[in-house]
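Asker: These protein sequence lines are chains L and P, in that order. Quick note: the first sequence uses our numbering, first residue 1, plus one each step. Quick note: the second sequence uses our numbering, first residue 1, plus one each step.
Keep in mind that the hints were calculated from the coordinates and are not lab data. Treat each hint with caution, since some may be false.
The list cannot tell twin chains apart, which means a pair is met if one copy fits it or any two copies do.
As the list claims (entries may be wrong) - Dumping the calculated SDA-like pairs for lysine to any residue here, alpha-carbon to alpha-carbon at most 25 angstroms:
1) 171 to 346
2) 171 to 8
3) 121 to 313
4) 121 to 246
5) 119 to 134
As the structure is a computational prediction, the values presented were derived from the model and not from experiment.
Protein chains: 2
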Amino acid sequence: MTDLVDAPADPVLAVALRGGVVERRHRGAYAVCAAGGEIVDSAGDVERRILPRSAIKLFQTLPLVESGAADACRLDARRLALACASHEGSAAHSGQVAQWLAEIGLGERDLMCGAHPPKEKAARDALRAAGEKPSQLHNNCSGKHAGFLTLARRLGAPTAGYVAVDHPVQKAAQEAFSQAADEETPMGWAVDGCSAPNFAVRLRGLALAAARVADPQAGFGCGLRAASAARLRDAMIAHPFEVAGAGRACTELMEAAAGRAAIKTGAEGSFIAILPAGDGRPALGVALKIDDGATEAAECAMAALLVRFGAVDPADPRVRRRLAPAYRNLRGVDVGGLRAAGPLDTKS
Amino acid sequence: MTDLVDAPADPVLAVALRGGVVERRHRGAYAVCAAGGEIVDSAGDVERRILPRSAIKLFQTLPLVESGAADACRLDARRLALACASHEGSAAHSGQVAQWLAEIGLGERDLMCGAHPPKEKAARDALRAAGEKPSQLHNNCSGKHAGFLTLARRLGAPTAGYVAVDHPVQKAAQEAFSQAADEETPMGWAVDGCSAPNFAVRLRGLALAAARVADPQAGFGCGLRAASAARLRDAMIAHPFEVAGAGRACTELMEAAAGRAAIKTGAEGSFIAILPAGDGRPALGVALKIDDGATEAAECAMAALLVRFGAVDPADPRVRRRLAPAYRNLRGVDVGGLRAAGPLDTKS
């Protein structure tokens, strides 16, 4: 604890200005890594362990593909993207998960992610109009959990209690992730919002894991893991809507990247980007953590990094909204905005 | 800008833990000051100017009392507390503001604070059931703005445009605040969420201003300002509900302080506490700013400071909720919590 409080401060990566006064300063760290482990860019303490939260859903889903469960259940790319998603609980998202569960003979009651209101307004309004409560299908993690249940079936493990850290499904997820990130096992872990274990990881390890998915042959060799990682990455890139939802950061940034990146955020300011090689760009993995957990600052910093490494155009309005959001008050007066700062300041 | 990004980091004042991993670190600065200007406790950069936002409503309301407008309009302590409030827009709050405006021959249309949905759920539900939109009366600042309009009338100034920085009402507010805080004029300023000007202030100046209200005779001498400041402070202490609302931090912390403190938060992690002398405790002013703007961290740090200076009992559940909030996930699993850290770590 003490060392974490007293450790040198990470640099300021984003600042919010109001009337020319700096009103908020968001510190954080990031690492940009090649598949061989070389760090090509970084700021702040990249050796500190963070909880990557939903940013690692692709790695938690690797065993679903590697086990053969995905093929046995004929999961298409859309379903795989949904397993790697933090979705907005729209009818399109929750409906797909319901159908998936039905196809494996399970249902909403088998999920252990808990219920929360859908993030999509139309879905919330529909529930209210129908006088219904949100179900676990609306949980942003319900696709990941459908994947967990599918894997449990494949492994012949009980579906009940599939979120326990010593359940075969979670042990497989931990193993896949720790190997990708070169993390020691047993890893530190915590219970996520959706009740699944979430594994602590050094920021540089998280960037390495992302880089290996960006270049699976260099990262994982020519075997099953490389093919499975590429398949999940390509599913996310092909289906940005499934990964989040209309107007959301991951979806819009992936649409703006037009095939150049798979991007996934996690709670409390964590983010990864998987940048395959192309047009002279090297394959890279990006991992980012805003120390105070601010989502808006994490989106700004990630947008700046995507611009820096050629994945998106800073003039694209979908990028601009994250890179330099403007603040207007209740009467529409322009009062300030957020911008990347310090090592991510594009004007320095 | 550069100096604000490159300046030495403030200390960590609060950390969020999940499964033993530090998931968020909130840095900030605070100053605790006596009415004579002596700093008795501080951490971080107390010379940096911040935007205190709603934490300075008492000072923005001083001219309402000093001008004689409050007495001329027979504003009781409840109304004065409402002028210093960031209220939750309950029927009790918005109804009082509506009546106040009616008594001075004005109405909702004269407000320039803008509308936002009431923070109180019952009021939101009532609006939805009635198919009505929120009005400016629901704005958390509507009491302050009723005060501005009342002062404008008293000064013979136009009520239209009363939020302009060069309007006599705002010039009076700025003068009262700059004098209390020993700030240079002209002060830096920004447009607040409610469209009124908000004045930049050094954190030590904000603490001094609070300390002067804690001991008005030592702080302001024996004149009108001292009497007016004491009247507003005592109105807040007597009417904690008016200052915020049921279950809200300022209200509950003031109730827990039972007369030992007037407490006011502002947006983006700013906070002040006014601690009058009593039972061997000296009169003190407390000012706090969390650098990243996190409200929960600001409430935690303020609760820790109130405990340290004898204003509240850490075992009081209304204090405990801010000092050490526990996090439970969607299925009710205990996943971690927030606690004061660094110079505010009560265990160190």
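Asker: Hints first: check each against the structure and report whether it holds.
Answerer: Each hint tested on the structure:
For a Cα distance limit of 25 angstroms, the shortest separation of residue 171 from residue 346 qualifies neither inside one copy, at 42 angstroms, nor across copies, at 38 angstroms. Neither within a single protomer nor between protomers do residue 171 and residue 8 lie at most 25 angstroms apart by alpha-carbon distance, with minima of 34 angstroms and 43 angstroms respectively. Proximity of residue 121 to residue 313 under the C-alpha cut-off of 25 angstroms is found in neither arrangement, the shortest distances being 29 angstroms within a copy and 42 angstroms between copies. Taking the shortest Cα distances, residue 121 and residue 246 sit within 25 angstroms of each other inside one copy (11 angstroms), while across copies they are farther apart (27 angstroms).
In the homo-oligomer, the alpha carbons of residue 119 and residue 134 lie at most 25 angstroms apart both inside one protomer (11 angstroms) and across protomers (22 angstroms), since each shortest distance falls under that limit.
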